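K.L.:
Listed below are the residues making up each chain.
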Amino acid sequence: MNNEQLHIDTSASEQKIWSILSTVVDPEVPVLTVLDLGIVREVQINGSEVEVIITPTYTGCPAMDMIAMNIRLALAEQGYKTVKVTSVLSPAWTTDWMTEAGKEKLKQYGIAPPNPKQQVCNDKLFAANEAVQCPHCNSYHTHRISEFGSTACKALYQCDECKEPFDYFKCH
Amino acid sequence: MDNSLTIYLLHLADTTLILSQKNSEWCGHGPILEQDIAITNISLDLLGQARNFYQYAAALKNDGSTEDSLAYLRTEREFKNLLLVEQQNGDWGQTILRQYFFSQYQLLLFQQLQQHSDEQLAAIATKAIKETTYHVRWSSEWVIRLGDGTDESHNRMLHAIDELWRYCGELFEAADYETAMGIDLTSIKQTWTEKVTAVFDEAKLPVPQNVFMQSGGKKGVHTEQLGYILTELQYLQRTYPGAKW
Numbered sequence: 000m001n002n003e004q005l006h007i008d009t010s011a012s013e014q015k016i017w018s019i020l021s022t023v024v025d026p027e028v029p030v031l032t033v034l035d036l037g038i039v040r041e042v043q044i045n046g047s048e049v050e051v052i053i054t055p056t057y058t059g060c061p062a063m064d065m066i067a068m069n070i071r072l073a074l075a076e077q078g079y080k081t082v083k084v085t086s087v088l089s090p091a092w093t094t095d096w097m098t099e100a101g102k103e104k105l106k107q108y109g110i111a112p113p114n115p116k117q118q119v120c121n122d123k124l125f126a127a128n129e130a131v132q133c134p135h136c137n138s139y140h141t142h143r144i145s146e147f148g149s150t151a152c153k154a155l156y157q158c159d160e161c162k163e164p165f166d167y168f169k170c171h
Numbered sequence: 000m001d002n003s004l005t006i007y008l009l010h011l012a013d014t015t016l017i018l019s020q021k022n023s024e025w026c027g028h029g030p031i032l033e034q035d036i037a038i039t040n041i042s043l044d045l046l047g048q049a050r051n052f053y054q055y056a057a058a059l060k061n062d063g064s065t066e067d068s069l070a071y072l073r074t075e076r077e078f079k080n081l082l083l084v085e086q087q088n089g090d091w092g093q094t095i096l097r098q099y100f101f102s103q104y105q106l107l108l109f110q111q112l113q114q115h116s117d118e119q120l121a122a123i124a125t126k127a128i129k130e131t132t133y134h135v136r137w138s139s140e141w142v143i144r145l146g147d148g149t150d151e152s153h154n155r156m157l158h159a160i161d162e163l164w165r166y167c168g169e170l171f172e173a174a175d176y177e178t179a180m181g182i183d184l185t186s187i188k189q190t191w192t193e194k195v196t197a198v199f200d201e202a203k204l205p206v207p208q209n210v211f212m213q214s215g216g217k218k219g220v221h222t223e224q225l226g227y228i229l230t231e232l233q234y235l236q237r238t239y240p241g242a243k244w
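In order, the protein sequences belong to chains A and B. Residue 75 in numbering that gives the first Met the number 0 sits at position 76 of the first sequence, and the numbers go up by one each step. Residue 9 in numbering that gives the first Met the number 0 sits at position 10 of the second sequence, and the numbers go up by one each step.
Treat the hints loosely; a few may be bogus.
[Stated by the list, open to error] Over the 12 Å line for every Cβ pair with chain A, so calculated as not near, a few chain B residues:
#1 L4
#2 I6
#3 E75
#4 N88
#5 E140
#6 E177
#7 I187
#8 E201
#9 Q208
#10 R237
[What the hints assert, rightly or not] Here are some, though not all, of the chain A residues that point toward chain B, as calculated from beta-carbon distances under 7 Å:
#11 I19
#12 G59
#13 V84
#14 S145
#15 S149
It should be emphasised that the hints constitute simulated quantities derived from the structure, not laboratory data. Owing to the predicted nature of the structure, the values given are computational and were not obtained by experimental measurement. Even for Gly, the Cβ is constructed at its ideal location relative to N, Cα and C.
All chains, full assembly: derive it from the sequences and hints.
P.N.:
What follows is the structure, encoded as structure tokens:
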């Protein structure tokens, strides 16, 4: 959020944009909004033009183009015709930016949310798998089937207690 | 006339694009499902990196170039990718060995680029380091499994080393534009050699000595492989110029 705004009506306009953005969901995981993911960095209003500054999650994430398009569409539907979506790489997005609400929504949806401690950047060879909690029965007796799940950001696990397979949103 | 930064970006973009393209050929043909998915995900990471580099280069060129025109309409002599990444996939051992040689180098390079004075270049490198760390881990584990595996896998790794080692020298030969960008390849070569030696030791594989090293890729002089790669990669755009989905 831009803390330098002095005019009350301008920040009310910004608030309106943020609330529209809270309706834009991740196309792969539709329970998460772009705000839950922490990928909207900033909103800037320059006259009649709205600029939304986002950050990509994974470098090759194919959903980002669609998210940018959906942001434009959502704003256009509410009358904002001149919208610019800018992608900024730095500082690099991390799962730390995911909101607690977002993590809870993931769990309800059946996807294990990212662990607080980043594991994926570990460069130790043949290291033990990180302990991931089953989103269905909460047991920690789970094992990893594959480092990759349905998307690049997720790994595939199975619970040894309730036997259900589930995706785990990897720390990044 | 493109400046050093632009040419360097094209070198980085071409390298990751070509390796992405080669790795993607495993799609549907991987030895087991999880590895099919792993190699294609690595392809996707590399493609994302290529896009970042191409987009930045296109912005700098400011002559109507786009990431697509740079990837799909340039010819072999304009491509500046490393020779290593255009080599054939061979068997699984050769593919993972190519990945290991490249990713170990790329990780060290990106760690250096993180401190570069060009902020966007540093930002792209910082973003890519997380994924590249995984590529190094994944590929070095495979080198060890196959090198210190069965007689069959060990021999296939010896063959793979024989095929690829001669292209590793180019990684550390600075092109003019790399020198102009202040890239220090000497320190990267030293660390790379130490890391590769350690992994090879654990994999019970010999580190080759006194091998004549091929080069030219960074300057646009390529092996015959690149022609075939670009024929496939660029076919659609060249047949239907300006085609969009």
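K.L.:
List in ascending order the numbers of the hints, as given earlier, that are violated by the structure.
P.N.:
As far as the earlier hints go, 5, 8, 11, 13 and 15 are violated by this structure, in ascending order.
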